[in-house]
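**Q** Below, each chain spelled out in residue letters.
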Amino acid sequence: MRQLRSALGAVGAMCTIVGALALAGCSSDDGGTSTGSSTSGGDKTLVVFAAASLTDTFTTIAHQFEADHAGVTVKLSFAGSSDLVAQLQEGAPADVFASADEPNMKKLTDAGLAAGDPVPFATNVLTIVTPPDNPAGITSFQDLGKSGVKVDVCAPQVPCGNAAKEVEAATGVTIKPVSEESKVTDVLAKVTSGEADAGLVYVTDAKGALAKDAGSLKQIDFPESAKAVNTYPIVAVKDSKNADLASEFVAAVTGEAGQKVLQDAGFGAP
Amino acid sequence: MRASVPRESVLTEAAATPAAASVGRASGRRRVRGGRVVSPRLPWWLVAVAVVGIAFVVAPVVVMATRGDWGQFWSLVTSDASLDALRLSLFTSVVSTAICVVVGVPVAMVLARTRFPGLSVVRALVLLPLVLPPVVCGLALLYAFGRRGPFGHALENAGISIAFTTTAVVISHVFVALPFLVLTLEGALKVRGTGPELAAASLGAGPSRTFWLVTLPSVAPALAGGALLAFARSLGEFGATLTFAGSLQGVTRTLPLEIYLQRETDPDAAVALSMLLVIVAVIVVALVHSAGGTRSFRRGLTDSVAA
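Residue numbers (my numbering), protein chains in the order written: chain A, 1 to 270; chain B, 1001 to 1307.
Hints in this document: simulated from the structure, not taken from any laboratory.
Glycine included, C-beta positions come from ideal geometry on N, C-alpha and C.
Don't take each hint at face value.
As the list claims (entries may be wrong) - What the simulated footprint calls covered on chain A by chain B, stretch by stretch (three residues with Cβ under 8 Å from a Cβ of chain B suffice, anywhere in the stretch; the number is not a length):
1) 152-165
2) 178-186
3) 189-203
Claimed, not checked - Between beta-carbon pairs, the in silico distance windows are:
4) B/W1070 <-> A/D213: 25 to 33 Å
5) B/P1043 <-> A/Q87: 39 to 47 Å
6) B/A1124 <-> A/G255: 28 to 36 Å
7) B/V1057 <-> A/Q87: 19 to 27 Å
Using the sequences and the hints given, assemble the complete structure.
**A** Right under this line is the structure:
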């Protein structure tokens, strides 16, 4: 098996050298790997497409899954939910899709690419983040509406921005943001660098950033965040070559061990 | 009129040295003039690979165009958000290109015409933005010019805030576009050699006069080409702007950022909107090409008269 892998590796390297031919050569190479593995002792590869906000948790869950299923390799691909749906619509080979919101999952089900109904497996709410010294003295959601406070939010077109709009509508607070980002990471970056006085991100984003560097920012939870709860659904992808394994992975995420990993990271129960 | 006297003599002088004369011919000005010289035949395999290369670039864009949501094109392009983005993109790209020319010409001159230890290192450093992922360029700018960065902090104390302003967009554009202008111009300066400048100096022209009357006119087409590249790079700039300047309609959300945001909800609409960017780029390239062509044609004429 190992010799086969290294031989395939060498072929891959040659493909790279040949340049243009690599496109055709290496892709057939990949096909060779999977068929080769499944004939030689039931080795299988499960491809999971998951929202970028699930990077840490799904990596942990995948390791657990591999430990529980001998001979199974889980390949994870993380990106924005809309990117992943677009890739799936273009025929990207995935067995499982975990979305950060319901609208993107709906795109997949509408396209008839889901096997069965999506299952909610986690929830997420917004929180306020500020630079560690909280230069604008933010203590509540209402403070974000004050003039002169540089607040960075997600654009209404993306889930975190949509949630921010919902909280604004529910509380009657109007935020005049200095910027509307397409990605939560951009909001975090602007806050940790001190460029913005405050930002609205998901609890898990704030927790993740604090886990990496406890002094990078300050997290201020606010009760009104309950007005906009974001639900994460997961589903097995139709035409998966490993349909049984895919539904087992979904079960692992929604099961006790998977839920513990998710909730330790700050996600709420579905 | 007085200015033209040394220039003519310079060119006559230059033509007398064989190296400079061959440079003059190699620049192909005579061919531009009316296209009388028949082009040499190319090997067939070269043409074949060229066709593949061109198809490789054009095909994906054409295929993408067929996927766009054209029913919505007009309403998309004329929406407030799109018009704001287009206006902002044009404004920031023009301003950035102007700054690139003002700063880039001296940089190219220093890189091409001076010798000092570490020159190659300096050249590599100036070209860094070509290699760095744009997002990393944005981070670098954020750390330097952000409110808490060394330069940004000083500016903030002086009452100038660049955070989340159009200025930040221009800074991002200049940062990523400058190497394109420098690289183009430096190449042209090196190919051209220093014969005419040395001749001008020997006739008593000072460095500034030589620069304005000899060097700059001779590399004008390369300067126009470099400026065009810089403009195109600015127009398409995305990563550095997003990371450094943010994204707010009418202030920092340029057309590429608007397209990126549009794609979150409607990829087909984003494709249609991106065609607007293609159209703008094509118009600009055509304009510069026709203007540049006429200019070099005229200069080619005066040069040959002078020679």
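**Q** All hints are to be evaluated individually against the structure, with a verdict given for each.
**A** Status of each hint after checking the structure:
1. Here's how the region 152-165 of chain A fares: 4 of its residues keep a CB closer than 8 Å to some CB of chain B, so the rule of at least three is met and the hint holds.
2. By the rule of at least three residues with a Cβ nearer than 8 Å to a Cβ of chain B, the coverage given for the region 178-186 of chain A holds, with 6 such residues.
3. Beta-carbon proximity to chain B at under 8 Å applies to 6 residues in the region 189-203 of chain A; the threshold of 3 is reached and the given coverage holds.
4. Here the CB-CB span from B/W1070 to A/D213 is close to 47 Å, at odds with the stated 25 to 33 Å.
5. About 41 Å separates the C-beta atoms of B/P1043 and A/Q87, a value consistent with the hinted range of 39 to 47 Å.
6. For B/A1124 and A/G255, the Cβ-Cβ distance of about 54 Å falls outside the hinted range of 28 to 36 Å, so the restraint is violated.
7. In this structure, B/V1057 and A/Q87 meet the distance hint of 19 to 27 Å, their C-beta atoms being roughly 23 Å apart.
Hints 4 and 6, counting from the list given before, are not met by this structure.
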